[in-house]
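Please build the complete structure, drawing on both the sequences and the hints.
As a plain string of letters, each chain reads:
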Amino acid sequence: MEEISNLMHGFGVVIQPFNLLVMVIGIVLGVLIGVLPGLGGANGVAILLPLTFSMPPTSAIIMLSCIYWGALFGGAITSILFNIPGEPWSVATTFDGHPMAQQGRAGEALTAAFTSSFVGALFAVIVITLVAPLVAKFALQFGPAEKFSVFFLAFCSFVGMGKEPPFKTLVAMMMGFALAAVGLDTVTGQLRLTFGFTELLGGFDFLIAVIGLFGIGEILLTMEEGLSFKGRAAGINGKVVLQTWMELPRYWATSLRSCLIGCWMGITPAGATPASFMSYGIAKRLSPKGRKFGTGKIEGVIAPETAAHAAGTSALLPMLSLGVPGSPTAAVLLGGLLIWGLQPGPLLFVEQTEFVWGLIASMYVGNVVGLIVVLTMVPFFAAILRIPFSIIAPIILVVCAIGAYTVHNSAFDVVLMLVFGVIGYVMKKCNYPMAPMVLAIVLGDKAEEAFRQSLLGSGGSLGIFWSNGLVGSIMTIGLVALLWPLIERIWGGMRARAAS
Amino acid sequence: MMSMRTILAGAAAALCVAPLSTSHAAWEPSRPVEIIVPAGPGGGADQMARVIQGIVTQHKLMKQSVVVVNKAGGAGGEGFLDMKASPGNPHKLAITLSNLFTTPLATGIPFNWNELTPLAMLALDEFVLWVNAEKPYKTVKEYIAAVKAAPAGQFKMGGTGSKQEDQIITVAVEKAAGVKFAYIPYKGGGEVAVQLVGNHVDSTVNNPIEAVAHWRAGKLRPLCVFDGKQLVYGDKVAGDLGWSSIPTCKSQGLDMEYLMLRGFFMAPKVTAEQVAFYVDLFKKVRETPEWKKLMSDGAFNQTFMVGAEYAKWVATEEKRHEALMKEAGFIAPKQ
Amino acid sequence: MSESSHGDGYGPRHRQVEIGVAAATAVFGAVVMAGSLQVGITWAVEGPRAGFFPFYVGLLILAASGVNAMRAMRTIAPGKLFASWKQLRSVASVVVPTAVYVLLLPHAGIYLSSALLIAVFMIWLGRYAWRMTLAVSVGMPFVTYFLFERWFLIPLPKGPIENMLGL
Numbered sequence: 001m002e003e004i005s006n007l008m009h010g011f012g013v014v015i016q017p018f019n020l021l022v023m024v025i026g027i028v029l030g031v032l033i034g035v036l037p038g039l040g041g042a043n044g045v046a047i048l049l050p051l052t053f054s055m056p057p058t059s060a061i062i063m064l065s066c067i068y069w070g071a072l073f074g075g076a077i078t079s080i081l082f083n084i085p086g087e088p089w090s091v092a093t094t095f096d097g098h099p100m101a102q103q104g105r106a107g108e109a110l111t112a113a114f115t116s117s118f119v120g121a122l123f124a125v126i127v128i129t130l131v132a133p134l135v136a137k138f139a140l141q142f143g144p145a146e147k148f149s150v151f152f153l154a155f156c157s158f159v160g161m162g163k164e165p166p167f168k169t170l171v172a173m174m175m176g177f178a179l180a181a182v183g184l185d186t187v188t189g190q191l192r193l194t195f196g197f198t199e200l201l202g203g204f205d206f207l208i209a210v211i212g213l214f215g216i217g218e219i220l221l222t223m224e225e226g227l228s229f230k231g232r233a234a235g236i237n238g239k240v241v242l243q244t245w246m247e248l249p250r251y252w253a254t255s256l257r258s259c260l261i262g263c264w265m266g267i268t269p270a271g272a273t274p275a276s277f278m279s280y281g282i283a284k285r286l287s288p289k290g291r292k293f294g295t296g297k298i299e300g301v302i303a304p305e306t307a308a309h310a311a312g313t314s315a316l317l318p319m320l321s322l323g324v325p326g327s328p329t330a331a332v333l334l335g336g337l338l339i340w341g342l343q344p345g346p347l348l349f350v351e352q353t354e355f356v357w358g359l360i361a362s363m364y365v366g367n368v369v370g371l372i373v374v375l376t377m378v379p380f381f382a383a384i385l386r387i388p389f390s391i392i393a394p395i396i397l398v399v400c401a402i403g404a405y406t407v408h409n410s411a412f413d414v415v416l417m418l419v420f421g422v423i424g425y426v427m428k429k430c431n432y433p434m435a436p437m438v439l440a441i442v443l444g445d446k447a448e449e450a451f452r453q454s455l456l457g458s459g460g461s462l463g464i465f466w467s468n469g470l471v472g473s474i475m476t477i478g479l480v481a482l483l484w485p486l487i488e489r490i491w492g493g494m495r496a497r498a499a500s
Numbered sequence: 001m002m003s004m005r006t007i008l009a010g011a012a013a014a015l016c017v018a019p020l021s022t023s024h025a026a027w028e029p030s031r032p033v034e035i036i037v038p039a040g041p042g043g044g045a046d047q048m049a050r051v052i053q054g055i056v057t058q059h060k061l062m063k064q065s066v067v068v069v070n071k072a073g074g075a076g077g078e079g080f081l082d083m084k085a086s087p088g089n090p091h092k093l094a095i096t097l098s099n100l101f102t103t104p105l106a107t108g109i110p111f112n113w114n115e116l117t118p119l120a121m122l123a124l125d126e127f128v129l130w131v132n133a134e135k136p137y138k139t140v141k142e143y144i145a146a147v148k149a150a151p152a153g154q155f156k157m158g159g160t161g162s163k164q165e166d167q168i169i170t171v172a173v174e175k176a177a178g179v180k181f182a183y184i185p186y187k188g189g190g191e192v193a194v195q196l197v198g199n200h201v202d203s204t205v206n207n208p209i210e211a212v213a214h215w216r217a218g219k220l221r222p223l224c225v226f227d228g229k230q231l232v233y234g235d236k237v238a239g240d241l242g243w244s245s246i247p248t249c250k251s252q253g254l255d256m257e258y259l260m261l262r263g264f265f266m267a268p269k270v271t272a273e274q275v276a277f278y279v280d281l282f283k284k285v286r287e288t289p290e291w292k293k294l295m296s297d298g299a300f301n302q303t304f305m306v307g308a309e310y311a312k313w314v315a316t317e318e319k320r321h322e323a324l325m326k327e328a329g330f331i332a333p334k335q
Numbered sequence: 001m002s003e004s005s006h007g008d009g010y011g012p013r014h015r016q017v018e019i020g021v022a023a024a025t026a027v028f029g030a031v032v033m034a035g036s037l038q039v040g041i042t043w044a045v046e047g048p049r050a051g052f053f054p055f056y057v058g059l060l061i062l063a064a065s066g067v068n069a070m071r072a073m074r075t076i077a078p079g080k081l082f083a084s085w086k087q088l089r090s091v092a093s094v095v096v097p098t099a100v101y102v103l104l105l106p107h108a109g110i111y112l113s114s115a116l117l118i119a120v121f122m123i124w125l126g127r128y129a130w131r132m133t134l135a136v137s138v139g140m141p142f143v144t145y146f147l148f149e150r151w152f153l154i155p156l157p158k159g160p161i162e163n164m165l166g167l
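Protein chains in written order, with my numbering: chain A, 1 to 500; chain B, 1 to 335; chain C, 1 to 167.
Watch out, some of these pointers could steer you wrong.
Unchecked claim - The calculated DSBU-like cross-link candidates involving lysine-lysine, where the alpha carbons are at most 35 Å apart (straight line), are:
| hint | chain 1 | residue 1 | chain 2 | residue 2 |
| --- | --- | --- | --- | --- |
| 1 | A | Lys446 | B | Lys135 |
| 2 | B | Lys175 | A | Lys446 |
| 3 | C | Lys86 | A | Lys429 |
| 4 | C | Lys86 | B | Lys269 |
What the hints assert, rightly or not - Listed next, with one range per pair, are the computed distances between beta-carbon atoms:
| hint | chain 1 | residue 1 | chain 2 | residue 2 | range |
| --- | --- | --- | --- | --- | --- |
| 5 | A | Leu130 | B | Gln154 | 23 to 33 Å |
| 6 | B | Arg286 | C | Trp124 | 38 to 48 Å |
| 7 | C | Lys86 | A | Thr476 | 51 to 61 Å |
These are computed hints drawn from the structure, not numbers from a lab. For each residue, glycine too, the CB sits at the ideal point set by N, CA and C.
Printed below as a string of structure tokens:
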């Protein structure tokens, strides 16, 4: 097959010493970028883009995409250790990853996260290798109505299953939607809910809310409980990686499902963040241990990490073949391609075979290199938890403040971060769930935008959401997911009656 | 011109030995220069800013480094207000697009371009009317007939943002041809082009660089360009066609011209020496092969203007935008 | 205020805090509704206007806050503490310095304020010797400077000291 020989040629390009070196540098930088909250993969790639102009395009894209892989890996680290998501897509990783660290199982959680990321990425790369043209065609099917249905499905599969009081969940979720609505309304170009404050022009960034609610809120809770990160007594040994690996194959079903969800969300392109939430939600529903999710279950780390990495990787496909970026990072990479004189689009695969297959080969090799790099760092990361609280806490505060600042280069965001921190503390104490709020901030304005774009196209008719098989079936699955707890109860009731 | 540049460069070189010199002959940045992009990463303005960053770094055109900062909030309002709030700061440049005019008008934020210092126009971005290549209409005339044949408000025009350049052009086309579109705003130009390829919208007014890949792949068809004269880039792009083979909209009976500013502004109250330094810098940037490549890839109109001429151009454009937007009902109500 | 029946020190009652939170969310909901009214909340021919969704979101927040307040009245034992004053004091010992920090940051620059924050924490909460404190509190801004400004070229807020040094 021609593809295979192209790929082999690609491997030949990638394993040149210079390219391997570039790859390791990229991964390490990426991990660093992923660890620092606020400094996202998009920033990292954007900042380093000019430095790569003097390299050959293939080496440059290898470096930049490796920064991207590194950031995907790195996002999980602070989520697990400090409850601070380094990247938006690792929010769902905090739900079970941080409790695991509190129980002294940080090494296990990190190993599971990194390995799952690797599996997700590998799956996505194989999909790209085998069915790239097909996938590109599929992505073209997605207009506003289809996009809305995907957001709707992501949302429905996540909500409606918490143990918190339903009206508190409702308040939290709606507050998330309200915060997402602040700023410029894309559809009418009007400013809304800004009340004349220029600081609110840009709206509430998801990252600021997350750094505050999760990161600062966690520090405040720790203070209340008396000055220590729990579970730091964890024995650090090099065997934790192997031990965790022994355990992982048991969760193959969760992994496979998360891979599929991730690829789907990456290609459509809805992005890695909704993918991670959706995958976590579905794993929680389908796992026999679902009710214990949130208390430190390893599946709760595997599901979001696998999906996020699969989505992050497959998001590069629509970028290359259609020129439409699946994530902010992909958007910057896209800019890079144009600067190097490569035109992303259907012809890229035909005209620039060396570049494309070099990139795909670098995805394979880059992820292997990435996995090795981050796994060797696991004991080191776990050791961070041994630093006394009164040293690490102010450092975390400073890092969070810098992170909040760099999102929009705005000092106001740093103030907001602290406000969100206090809100997060009170919410947690009063048993308000934070996850639906965060998901609503992520998906709220995108879903509303897609909804209203659809109606603009249909002349205001809601029928557009059932106008073809694709959108209709996604919407229906979404509704079923939303009503699932109800269906389950009715089903259970019927069975009980039949038994008696 | 050359001698002037040589003198400036020479003076700059002499001065860098003693940066605290009181001489006003030449000024140069003493810390990293920020380019404020009033749009998100990946867009046209952002790309241009990053190309300039790369060129300045690679050709060592400046001692200090260049930093690109995105401030996209409120349709770029965030970036403009930030510039306005840094009077006298010579280390901040803003690259602008048409939202320089449209954002204050559409949102009512307290900002006007004349609160900043005009620096230079680097290029103008073209707009082209695109349709899906599968569609039967091959000329503007056939296209307009098809729009008229469709039920009112059923023919979908996709564009970037709301009450911004794409929608302004759409409204102008509606006026010129006596038709009505359903305008659907998206977040980015690349996405708009893909929506057209996927037949989710019926036409777009994408910039050349946003749609060229799909044109080359035979998925899209350009009908006309919204410029007063045909484009100068004659190289073959798709089959036998090049940018220069696209007729102007005016010649096809669609009387509308629109070009988008890709220019730079500085903060208020900067000195003439500081402006002169950057004007000189941009002149050097324009000489580099990387810049020339970007221009031809994106089929840009390479008009270069500085000083009073530039300010006058911007003032004229502002009046025009105000008129166009007033006509379309896009001006924010006074609160 | 009645005496605590739980005996675990004194502090604000959980019920009052819950009602306070519900009141706060209700105010938030009302503000959102008011803001939505300014941009139009109707469903126009071409679909909902800018304020349509936020308005009903605000309404839902308002209504659900009412339910939460009522549930707090009915279900939470009156004596239950939210947290003891002692606990809240330790929470405040983080919130107050951090609040000063975030307000100081735009004026004094990030490096000086970060050094101060770290020093305050280490001396006040950790009771470290000044040598160790100095090393960490000065070291961290240095690392930050090189990492962000030099390596990643991200400008961070600067104050008079940085201006003096010409950074």
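### Query
Looking back at the hints listed earlier, which ones does the structure fail to meet?
4, 5 and 6
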